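Chains as they are written, first to last, in UniProt numbering: chain Y, 1 to 281; chain G, 1 to 305; chain D, 1 to 391.
Hints may be right or wrong, so weigh each one.
With a Cα cut of at most 16 angstroms, we get these calculated EDC-like pairs of lysine to aspartate or glutamate [what the hints assert, rightly or not]:
| id | chain 1 | residue 1 | chain 2 | residue 2 |
| --- | --- | --- | --- | --- |
| 1 | Y | LYS105 | G | ASP197 |
| 2 | Y | LYS65 | Y | ASP179 |
| 3 | D | LYS20 | D | GLU30 |
| 4 | Y | LYS105 | G | ASP165 |
| 5 | G | LYS208 | D | GLU193 |
| 6 | G | LYS254 | G | GLU15 |
| 7 | G | LYS254 | G | ASP165 |
| 8 | G | LYS208 | D | GLU74 |
| 9 | Y | LYS105 | Y | ASP170 |
Hints in this document: simulated from the structure, not taken from any laboratory. Note that the coordinates shown come from a computational prediction; the quantities given were computed from them, not determined experimentally.
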Amino acid sequence: MTALQLAPITPGRALRFCVLVLTAALFLAPYLFMISTAGKAQSEIFTSSLSLIPSEPHFLENFAKAFSRVSMPLLLWNGVIVCGLILAIQVVIAVPCAYALAKLKFPAARLMMALIMLGLLVPIHATALPIYVAFDRMALLNSYMALVAPFSISVFGIFLFLQFFRSLPDDLIHAARLDGMSELGVVMRVVVPNAWPAITAFSIFSVVAHWNDLYWPLIVVSNQAYATPPLGLLFFRAAEAGDDYGALMAATLIITLPLLAAFLLAQKRFVEGITMTGLKG
Amino acid sequence: MASIASTPVVLIDLEAERQMRTGLLLAAPAILLILVFIVAPMLAVLVLGFTDFELGYGSFRFVGLENYAELFSDRTFLASLRNTAVYTAIVAPVSLLLGLGLALLIESEPVGRSFFRTAFFLPVASLLVAMATVWQYLFHPSIGPINAALRLVGVAGPNWLGASDMVLTSLAIIGIWQSVGFNMVLFLAGLTAIPRDLYAAAEVDGAKSARDRFFLVTWPMLGPTTLFVITISIINAVKVFETVKTLTEGGPNKASEVLLFTIYREGFVYLRVGYASAMTMVFLAVLVVLMIAQYRLLDREVHYG
Amino acid sequence: MSTLTLSGITKSFADNDILKGIDLQAHEGEFIALVGPSGCGKSTLLRIVAGLEQATTGSVRVAGREVTALAPAERNVAMVFQSYALYPHLTAGQNIAVPLAMRQLSRLGRLPLIGALAPGQKAIRREIQAKVREMARSLMIEHLIDRKPGQMSGGQRQRVALARAMVRRPALFLMDEPLSNLDAHLRVHARTEIVDLHRRAGVPTLYVTHDQAEALSMADRVAVMIGGRLLQLAPPQQIYADPRHIEVARFIGQPRINSLASRVTEEGMVRFGPAALSPAAALRAGTAVTLAIRPEHLRVLPRQTGVETGGLPGQVERLEFLGSEVIVSVRLDGMGETLLAKLAPAEAARLATGQPVGLLPEADHLLVFDVAGHRIDAMPVLAQLRENAHG
């Protein structure tokens, strides 16, 4: 690494570096404008849109407006509850199943694999209609239940854990059985502690996916009390007549911030977790 | 002798049976949920596609292929298919090439690697609905920074999201911005996985220029990654929804009507469940074809068994 | 004319000196094994010769040509990698053809698919094909020519890697532990094969290994590298019997050579039991030295006979039976040091664990080193031995 950094600066290298810097600036521009606009007064937004630093900061006003129109804490809280529940149930359901498929003599393993492959192919968009009809009949719309239930099963989770468990040595499990553990004990005390990398990666993947999901919440929730962050932002936009971009950007900033902060704090794990979908092939 | 030999056989059978029972027990919740939330709804969509079921009306009847016949004379749906195809044809290749290019640049430049990786990956981890709102502001025809910048150089900027000939391009720009980082990270992982020795061998074998080494080592070794990136880019582009719902609602003039948005509106706004189910089947067929293409056609070419 | 000359090669990463001044000259058609413990810098040196890494200082000459500043492709060297580094997307035949194609085909001609259409390339391609076939035949891998590396065994891959290196007669062969990924049985077989190939091709070879048996059995000369220095470059027999540095003596030989700290006596001698050696250059009395002797040059006698003949008294600690020989560990009385002796099984049959014995060195094979580890030439003094036996 140090040897590389001392590499001579050639014209080619300088050019490559410039391209990188310019592209990065383009990619980051939306964030800069989001922050800057969240601090601008309405009049300034209309007159000087290219200046990044607000001439008189209106952060407080804009944030106050954002908080007054829609209950931001409630949105974030809903996001946490829904993502937390989904993740917990997904892991509890998927881990034992993946273990059974990977390490036990399983009668219907082939059928199960076929189901998993089918599940990997079918997104929520394809199953949404009947589930919606059923929830409507059962009067389950506008509830945490409706938001969480369809995602209680993650075939991707099963698939990911399955791959991971297969790489655990059989002898480890044999040793645990000889030590007198039940199968559930093997899962809890041997498999799970050794599967943290996979579980962490899956957690990040799952939370990011469901925190950002708009499609399903949009379908089953019309009551603001159960709105998740993306849906809440839609409600906010609907309530916002005209172009009050200052307040809108403030709201956007509040809603984007938690996940972005988490990403910046645990970048490496995030990148790993999200690219874990790269194993899907 | 015979009894000694037969004893272990009985024991193994018991063990297998025990494992089978435990296995079923451990997998039962997952199996049940797959049946309830994936298999049953899939079958229901298939069946509903042949009915005129509408939510709110008590009764429905089977109409055979009527829904499918209607689909292919439905101008909105056809526009929606066409728009989705155009959007995908822009977003998938551009974000693939941009992702590869950025990965190669980052890989070759030792300074600032983690900064660049973060910068390009940030959009992937951001809430798309929120960032779409920011893009709406950036794209605003009169007060948006993009057109303000264009005015500075004397160009009259277009009405990005408001003109029917621009709206798909604008949505595609957001789509590319959002997905490049993902592709880049996959390519970076693919690049790191290439054994350094292969480059050394290529150099000794006479590959003098960076271009020679790219075509001898890098490009072929990235084959599996590229295949995966192509598939996932296309699938994600076909699934475009958030930006359309947030920014254009399919407008102006159905110019940004895309598959998932059309299904959403038919099924959940107009509540024509039967008709929307038929659309869903078409959507699924597209996904299935893409998957089969990945596994069958290309897999053979790039897997080095 | 020398085929490879390294002079004053050094390599440092930050504050870490990997190579501390290496000089080496290979002769026409010579097979040199570069051996040393892991981390001694031998692979780095090989990569510097190949041009894959740049030396901090020093120069590399191949076949009389200064190549220090040249790219690997321009040095006319071929290399076999530890991992073989075969291109996984190409068949064995295509892999072998790469070095030829890279040099002989035009840029356009090398492109996949369209390359075949480029003008004037067809004849060259045919010629390359013929050379690849011939090479494959001589290594008996013709049947593998259409297989990809993923479908081959380790031994087969290793042969393809060899073929790729040999196909365009280079000025110098570089091999980086090419046998270390083979299983033990195959490895011994591949050793003789590489030596045969080398003899037939006559191309000078620099062969890196950490396995002393490989180095000793294959090479014309062995270069022992330790801690970034080339400690000795000599034929295998000489490396074993006449090491110029204590580290060389310790690295080569299995089990390890015995060594004992000692001091020069009043008479200017170095003594070990009944044996006494007289250094070629006089040393001051009391100078610290290290005595070393290989296990096969120690005799283990029952206590009485052993001590009567002046042997060092000790106790058998352990007997390890290795088939054709037995390794006996003897703890010396009073000194607490344990020496190893290698005996024929018949000889060792008289010994048992815990038995008091006398250790007798073969004076001709005693080696003396100074505190810095350098060899001190010394001759055994027979009169001294006799005097001791009687007094």
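Outcome of the hint check:
Between the alpha carbons of Y:LYS105 and G:ASP197 the distance comes to roughly 41 angstroms, so the proposed pair goes past 16 angstroms and is violated. Between Y:LYS65 and Y:ASP179 the alpha-carbon distance is near 62 angstroms, which puts this suggested pair outside the 16 angstroms criterion. Simply put, D:LYS20 and D:GLU30 have alpha-carbon atoms about 24 angstroms apart, too far for the 16 angstroms limit, and the pair is violated. Between Y:LYS105 and G:ASP165 the alpha-carbon distance is near 59 angstroms, which puts this suggested pair outside the 16 angstroms criterion.
At roughly 31 angstroms between alpha-carbon atoms, G:LYS208 and D:GLU193 are farther apart than 16 angstroms, so this suggested pair is violated. Pair hint G:LYS254 plus G:GLU15 does not hold up; C-alpha atoms about 63 angstroms apart against a cutoff of 16 angstroms. Restraint check for G:LYS254 and G:ASP165: the C-alpha separation of about 11 angstroms stays at or below 16 angstroms, so the hint holds. Taking the CA atoms of G:LYS208 and D:GLU74, the gap is near 8 angstroms; set against the 16 angstroms cutoff, the hint holds.
Among the hinted pairs, Y:LYS105 with Y:ASP170 is consistent with the structure: their alpha-carbon atoms are about 12 angstroms apart, no more than 16 angstroms.
When held up to the earlier numbered hints, the structure conflicts with 1, 2, 3, 4, 5, 6 and fits the remainder.
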